[in-house]
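Just so you know, the sequences run in chain order A and B. If you use this note's numbering, the first sequence corresponds to residues 506 to 751, in order. If you use this note's numbering, the second sequence corresponds to residues 405 to 1000, in order.
One or more hints might be untrue.
Pairs of lysine-lysine residues, derived as DSS-like cross-links and limited to a Cα-Cα distance of at most 25 Å, are as follows [what the hints assert, rightly or not]:
1. K525/B <-> K553/B
2. K716/B <-> K758/B
3. K609/A <-> K716/B
4. K620/B <-> K553/B
5. K758/B <-> K902/B
6. K609/A <-> K714/B
7. K620/B <-> K758/B
8. K758/B <-> K609/A
9. K620/B <-> K583/B
FYI, nobody ran anything at the bench for these hints, they're computed from the structure. Predicted, not measured: the structure shown is a model, and the values here were computed from it.
Residue-level listing of the chains:
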Amino acid sequence: MRALGRFIGVCLMAWMVCRSSASDFQVDFDQANRALAQGKFADAIHSYQGILKTGSSASLHNNLGLAFFQSGQIGPAIAQFRLAERLAPRDGEIKANLRLARAKLSKSITVDDVGLQALSLNEWALLPLGMIWIAAGTWFLSVLNPRAGSILRGYTWGAGVLFIILSGLAARAAVVRYQEPDLVVVRPDAALRQSPFPEAKSILNLAEGAELHTENVRAEWLLVRDPASDRSGWVRQDMVVRVPVR
Amino acid sequence: MVTVTHFAGRRRVILWGVILSWLLALSSQGQSFSAQWESAESVAAGDPAVLQLIFTDCGQVSPPTLPPIDNAVTQYMGQSQELRIINGVRSSSIIFRYSVTPKSSGSVSIPALTVTVEGQKLTSRPLRLQVGQGFDSSQIGTLSLEVPKSDVYVGETIPVTIRFQFRHSPARQEPPSLKMDGFLRGRQTSQDGRSENINGEAMGVARWTMAVTAVKAGDLELGPAEFPTIYVFQSRRRRGGPFDDPFFGQFLGGNEQRQINFQSEPVRLHVIPPPSAGRPPQFNGAVGRFRMEISASPTNVSVGDPITVKVKVIGRGSFDGLSLPELPADSGFQAYPGTNSFEPSDALGLEGVKTFEEVLVPERTTLRELTLPPLAYWDPSAKRYGLAEARALPLTVRPNANAAIPGGPSPAALSGTNPPPSNPNTELRPLKPDLGRLVQWSPPLVNQGWYYGGVAFPPLAVLAFLTFRWWQRRPRDRSMDQLSRRRAEIRDGLVQMKRFADAGQAAACYQAANQVLQEQLGLLLGQSGGAYTEEVIETALVPRGFDAEAADSLRDLFHASARARFAGDPSAVELDRICQAAEQAVRELQKLEGRS
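My request is simple: use the sequences and hints to build the entire structure.
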């Protein structure tokens, strides 16, 4: 009992520390928002990036994207909006900002299986996990309590069928996510090179905001494929921002 | 002895004299400087000859600079070194080479050249190069510059065309270059050679047109333009040779390449600054003819909220250096640097739309409209100044309820409850005021092993439970199976016994009754049946509480069975009685089995 009490105490303290630090960052976040509203884009970007060193949130990436967008840096803006969308896939405002930033570069991206995009990949993954636990739990209850077995057996079967359906949808969502470009070009001087060296021959000049697929990683270079031209080549990592699957 | 000694002394003197004279001969090679043609002393105009300046035994020397040579263009080509030993005499020479290209027929004279080497003045003899009728490039093509006017203003952009008119097109060519001190080059277009009728002759004409902007005042020279080409000709071979025939010419490499550098005459332009008389105070150097359009969003804001202002400058002129006039300090707006872009309407970028996007932040609520200062420009065609003015945009500036924070955004902007934008597809959504929970990026669940463990655990637990239960039940079932099988055998035995009795088969009937009895006793006593005798009643059944009446009946059954086996065929009544007794005994034994 004493050990349990100690564990609960440690958890409470950790929770309070987390809460206080989050509220501290909210103050920084408010200041960055004010700088952005006053048109001090560089100050706002600097402040947002300072908070990003601690953690990410959809609001943070969205507002940083707005700051980049309003300062004319469309490539970094697209990257930030995509990161925000990963964290909050059902946020219509973030989607609208991303659409607008892409439109600024005369780009449009075809989104596969819009329904699957409504949930993050982690959310999709948790659904079948929950269903299989419900199915197994109700089955055990029906075994332990045969009188309630006839009712519980229906839940077991229902959860089992849902598990199969949701597993299929989660697998499809994972395929869709991993087929999406995971890199955004954020520098105007980015180029696709034949080999991972600065002096290697340039194959293709990459437009800022172009979205690419990673195929391989070697030190500070990435082997990428440009879906627009369907050409592969090496690009330095500092020329792009990675949008992880989540 | 004296004579011999004297002779030996003379011989030594002679030997030393020879050695000294040889050394003197070696050292007497004096420094020299000469000039000569490397090949023939006559060339055709336009063909280069090579001039050699040779320094012999002069040590380290640097290449001399040739004086200007009439009717020729000279160019330093490089140096080489030569070491000679002739009859034991060594000499070293440094040879500097120059190409001398005569401009026209006649002659080219190289004057006597004087150089100073280690304080000593050395002079070469003068040379002469005979120049024959050379190659006339104007018979192939001519290069010229076309400029629309000779008087231009500082900042004015004009189209300049390099025109190449030719009878034969070159085998290879490089883009033409244009010398342009005091001018800036803009966009450029090119037009490949197309056939035109010039003075009754069909000639090819290629044009390269570029936008050129004058950047300083004065009488400036634009050009010359140069156009390097390579032409391939059939080579001129000596007449009278055995292979002087067009047929052999085909096989003996009858073509030669010649590099021809076409050059145009320069054009003199009179560049003047826009006049100071009548110059508007807002004038910042814009030259051309422009008009201005303005749009802003949003126009209903709080103090401190940013307004994105888009200004389009449309017209013809020099767009490269075009900038908007600054807002006056008392405008009530704080301006932040924005971006600009240019969309040309023509290939040279002389006409088009330049769009400026800036952010203005209203600083007071009294602002009712947004008015930008006019853009002043000098119109070179009308020769007067003009003003491009944009209409005033009505604005609504509300007080900032968040005034506790100077310059802070409105609560509406922060809370994301701004009035809906006029066009949701073209306007950014408002800032998000709540930071939310900060998370770390981690690999998705589907890439983590524990996730698959979590999915696999429930079905595995169910499977394990079912396996355990099956395993637990399995031995009990086996013994129960065995019991039920033996009971079934007993039931079957009783049926057969009756059947044999009905059929009058006494031996078989007694055997069946005995088997049934033995099997039931085996079941009761937990052993296999088949070897029990009458003694079992006293030793095993009575101690287990077997009923005395039933014991007597069973004892009678054992006796009857023994009697029947040795007493011949019994009557049907006797068989029936035996069967009933056997059934009764089995029932009693089963009762006892159930009790135990």
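Review point. When you check the alpha-carbon spacing of K620/B and K583/B, does it fall within 25 Å?
Key: This hinted pair holds, its Cα atoms lying about 15 Å apart.
Exercise for review: Sort out whether K553/B lies within 25 Å of K620/B, counting only the CA atoms.
Suggested key: Distance ~17 Å between K620/B and K553/B Cα, so the pair holds.
**Study point:** K758/B paired with K609/A [C-alpha distance capped at 25 Å]
**Key:** With Cα atoms ~16 Å apart, K758/B and K609/A stay inside 25 Å; holds.
Point to revise | Agreement of K758/B and K902/B with the hint, judged by alpha carbon distance not exceeding 25 Å | key: Violated, because 120 Å separates the two Cα atoms, which is more than 25 Å.
Check your understanding: Does the alpha-carbon distance linking K525/B and K553/B stay inside the 25 Å limit?
Key -> 55 Å, violated
Point to revise | Satisfaction of hint between K758/B and K716/B, Cα-Cα up to 25 Å | key: Since the Cα atoms of K716/B and K758/B sit roughly 6 Å apart, the hinted pair holds (cutoff 25 Å).
**Study point:** Straight-line alpha-carbon gap K609/A to K714/B, limit 25 Å
**Key:** Within the cut-off at roughly 15 Å; holds.
Point to revise | Straight-line alpha-carbon gap K609/A to K716/B, limit 25 Å | key: 17 Å, holds
Check your understanding: For the pair supplied as a hint, K620/B and K758/B, is the alpha-carbon distance within the 25 Å limit?
Key -> Given pair K620/B, K758/B holds - Cα atoms ~24 Å apart, limit 25 Å.
In the structure shown, a violation is registered for the earlier hints numbered 1 and 5, in ascending order.
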